[in-house]
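Undergrad: Fit chain Z to the given chain V structure using the hints.
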Amino acid sequence: MIDLLYKNTLMKIKKSFGRYISLFIIVIVGVGFFSGLKGSSPDIISSVDKYYKEKNLMDFKIVSTLGLTNEDVDALKSLKDVNTVVPSYSLDVLDKGKAIKVQALEKSVNTVNLISGRMPKNHTECLADSKNYKIGDKITITSDVNDKLKNKEFIVAGTISSPLYMSTDYGNTTIGDGKLSSFIFVNKDNFTMDAYTEIYITAANTKNMTSYSKEYDALADHLNSELLKLKPERENARYQEIYNKADHEINNNQAKLNDEKSKGEHKLSKAKSELDANKLKLNNAKQALAENESNLEKKASSQNIEFKNAKDKIALGWSQINTALKNSNIKKEDLSGKINELNNALKNMKVQQSQLPAKSQAYAQLTTKINQYSTSYEGLLKLQTSITELTGQEKQLNNGIEIFNTEIEKAKIKITEGKNELNTNEKKLENGYSKYNKNLAQFNLKITDAQTKIDSAKKDLSKIEKAKWYIYNRDDIAGYSALKGGTDTITSVAAVFPIFFILIVILMTSNTMARMIVEERNELGTLTSLGFKDRNIISTYLLYVLSATVLGAITGFFIGSKIIPNIIFTTFSKFILPPLIINYDLTSLLLVLAVAITLMTVVTLFFCNSELNQNPAALMRPVPPKQGQKILLEKIGFIWKTLSFTWKVTMRNIFRYKQKVIMTIVGVAGCTALLVAGFGLKDSMNGVAEKQYGEIFKYNTIIALKNETHDMSKDFEKLLTKEKVENPLLIKQTTFKAQSGNDSLDTYLIVPVNEDLFKKYYDLTSKLTESSVKLDNSGAVITQKLADTLKIGRGDTIKIKDADNNSYSLRVSDIAENYMQNYIYINKNLYSKVFGEEVSYNMLVSDYSQDKTTLANHLLDSESIVNVTFKDDILKQAHDGNSSLNNIVVLLVVIASMLVVIVLYNLTSINISERKREIATLKVLGFTDKETNEYIYREAFLMTLFGIAAGLCLGILLHRFVIGAIEDDSTVYFRNIHVLSFVWSSLVIIIVSVVMQIVTYFKMQTIDMIESLKSVE
Amino acid sequence: MSFIEFKNIKKEYITGDVTITAVKDCSFSIKKGELVVILGPSGAGKTTVLNLLGGMDNPSDGNIIVDNKEIHNYNKKQLINYRRNDIGFVFQFYNLVGNLTALENVELACQICPDSLDPKNILDQVGLSHRINSFPSQLSGGEQQRVAIARAIAKNPKLLLCDEPTGALDSITGQRVIELLQNTCREMDMTTVLITHNAAIADIADKVIQIKNGTVEDILINESPKKAEEIAW
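Line by line, the protein sequences are chains V and Z.
No gaps in the numbering here: position 372 of the first sequence is 371 in numbering that gives the first Met the number 0, and each next residue is one more.
No gaps in the numbering here: position 108 of the second sequence is 107 in numbering that gives the first Met the number 0, and each next residue is one more.
Check each hint, because a few of them may be wrong.
[Said to hold, decoys possible] Derived lysine to aspartate or glutamate pairs resembling EDC-like cross-links, with alpha carbons at most 20 Å apart: (1) K76/Z - D168/V; (2) K206/Z - D117/Z; (3) K119/Z - D533/V; (4) K832/V - D60/Z; (5) K532/V - D60/Z; (6) K97/V - D168/V; (7) K75/Z - D533/V.
Bear in mind the hints are in silico, worked out from the structure with no lab data behind them.
This structure is a prediction, so every number in the text was calculated from the model and none was measured.
Next comes chain V alone, as it looks inside the complex (with noise of 0.2 Å):
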């Protein structure tokens, strides 16, 4: 037999079957809420975190200036708070006019995560993001990767997510427009670089830390400063390597040169003194020439004087033998005939003389003419002797001018064979010196090239930049801590909200316990008269209400963390995330059923044990219903006059019945300070972003330089002009860590070029005079957050650090109207003085009104700027990051409506259910269906309103308190609510109010008259 007292319980369920499950839906919708939301963040945390394990997802990231290399990882490696080490290579490039990352493919660290298709097989084929590509897809870079990559070329092969990716926004670069639009990856061979690009490190030790926990902070942070120990011997080893290296190259090339220079020289020089001597041998040997020349010349010319003479002689000789054969009158040919003649004559005479005697006259005659004979024979011999000799003369003289003519015309042709020679060797020598001095010329320009060369590299070599590492960790990622900070507000959120759904779920279930105990007084009285102990009769009812309660809790406590961090994820939808996880956190619902199971108990036996203390003959007896009394309201005579019968009686049960008043107004106040708190969080987050960045804020774009200056110079204001940004405003805009007491908050520091510029651009009102903020030397002017958590105030001194740890205090003169980021402004008066330097800007906001692309393109080409931010992309970012918490509030004001019905239900259940006597007495005496719903409805209806106007106020305050919770160190969101927030909540609670009103008519329709009497007092 099961314990009656139970079944009567459960007949109790059964009966008032809407009692209860109002009770359980309160439950479920309270706890389901409360776990679901409470378990959004983790469960999306514990998500990615898995995510980044399974993919090993580098905890720090470094890059530097002049490269990285092997040296490096071994460094690395021997720290110790160091697992992995990998080092590997990326790239900036254009695809089709688009910049994109390519890396390379890492198994141990980074790992992809592959969508569709397969990893690449060859070097053609790449991975790529799933986003932007699919399967098939051809990627051509157009910019010059020659000594970079092997291919320009690639298939996509297959799409993927990277953990190096958690947003779509995926980060900027220097080339193109300034903004990755995407990015792939290929096999890491297909890098021919000579240096890592970066090098990637995972943490030891993190294997049980969740990602963004506290601890996985501290051994971040611990392993940062490992690493920054590390830095600078690697930097400058890096640069010691590098330097070395050129210097020797250059070194050796100057040896080189130097030895070139040298030998070319000697060469050249030899070649020279060969040219000079075979000069020199050639004017000696012209100069010989011409003094054989000469001499030939002066022996020819006094060869011939001579030979003049000769002829002179000869013709005189002839002439005298002309002359003589003249004389003789002979001619010359016959000159031997008229020898011979005489010889024969001679001859003759001879014999004759011979036959002489030798005395005689005719021998004497004979001999006279002998003599004669002789003597012209003689003569003529001598003649003919003469021209004999002198023929012969003449001829030995011809022969010998032949001869000597021959001669000298053979030492003519051959000094004209040497004059040519000479000419030709000349020529040859002109040629040889003409060559010379080209070569000469040549080798001077080459050398001097060479030397020019090596002197700039030597220039070069001094001018490299020391090496520089970066150190980037997972908050570089895209997405990474904007993830965690999306998460951060929901965690903001979730501590507060629910919280305040767990107290109207506890108010309205104990008020239905209350009022259902009081309500069975008399069945209490019963069972106690019955000799039923307290423990049992309580015990039912703790049944009844802890059935509900666990049960409730239970199923909401699943249902709420299935469903709420689900429809939070797809708030996410900004970032590329791995699929959420649930995780039911039983020892959440342990202690959410400890809690509820403990105040329901609690409460129970307050109002049981409340009841079971009279004696039970006073809990048969009714309660006698307070002493009607007038009230206040009837003794204002006219009002109470003008009012209807119906209207009198509802303002008496009004104040005769405070506790069911209050507990109305309350239990509705509640539901619409939800409401307008939800409706309000909407109105306060929205028009943050455009008050910060178009009312306050009014520059177009903000642009990052790549040097310093304290002013502009000629060429890059030419650029400007070009490109139509205008009225360009130079700024320096630094981060510093403001500081009091404990408290610190990020905050920039702005130091504008020119006042009157700034004031066109920072449009800063002042939260003490709500007039415009002066700039000038008399101190800083600091955002209301930086005042507000540091608690200073104008006249205060605020301190800032910066990022290596050297302080400046800085007087505050005013606050200005701030809402996103902490700023302080200081004129460059002052920052000279407190900072003790000429203040060179960084920066350069402006308007611009034309196309963004273009103008990104051409500054970033112009290789002086490093970034360009548009007033329209920040203002997209930060919407972006508050579409997430738009749909919380959606889901807040969603989940507040279904307990403004629940609640309303259930105190209009318990209303009916209380006055069933009543109500069956008001039909008995005919009172029509409408007449008798209006009776009752229209206390609560009134009350319901009495309940908003207080909701709206207690809304405010809840909205307060909320923004409080949510806002972060620097954030400020606009704390007024707009007044259709007022108006929808009224709107929500009235719409509600209205469907109870026609559910009560339908219940009271079943109300039996006559079982209602019936039923025993």
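TA: Okay, now just chain Z, sitting in the frame of chain V:
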């Protein structure tokens, strides 16, 4: 010492600054097995006396001794045990548990009583065997009253207290009920105290205590109580 001693009982109800003295200087005694009728006009204090006897209320002053136990000193726990084990109470307005059937209402009481009687049997004795599975809301007043009586009797108490048991019944049904009470009293030696303003019923009693204005006006001993069948009204 009588089975029940009611000595100088005073009972005051204080609500706010209003004090109502329901019973003052009330004294009587009852023997074991007696059938006693408490007679008096409405508002006399009869129900109060019965409630005090039944351990459902504490006297403001005076002694109540039942079976040598000083009830007036009992704390709540003791009173509960007293009510459980020793008392069977029949209320003027039945006070049945609406969510349980007639049978279950009786079973409810039997559940906690150490030597209870058979519920079905008792319901049969009150003439309701055909209505054992009906809910109170489906029963007439008389039927409900009979269930209440069955409930009280089934407990097999030492003391059976009935507050106007025939108040809402017709004379025939009422007579039957009185008969039942009398038989039970005689057969089971159950001391029975009955409140009524119906003088005819007083004839069946062994003792009639007349209460008026919160105090005992007269105690009459009936040497030869009538049988229930013999009375009529």
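Undergrad: Next step is simple, just say for each hint if it's right about the structure.
TA: For each hint, the structure was consulted:
| no. | hint | verdict |
| --- | --- | --- |
| 1 | K76/Z - D168/V | 73 Å, violated |
| 2 | K206/Z - D117/Z | 30 Å, violated |
| 3 | K119/Z - D533/V | 27 Å, violated |
| 4 | K832/V - D60/Z | 93 Å, violated |
| 5 | K532/V - D60/Z | 26 Å, violated |
| 6 | K97/V - D168/V | 14 Å, holds |
| 7 | K75/Z - D533/V | 9 Å, holds |
Taken one by one, the earlier hints fail for this structure at numbers 1, 2, 3, 4, 5, listed in ascending order.
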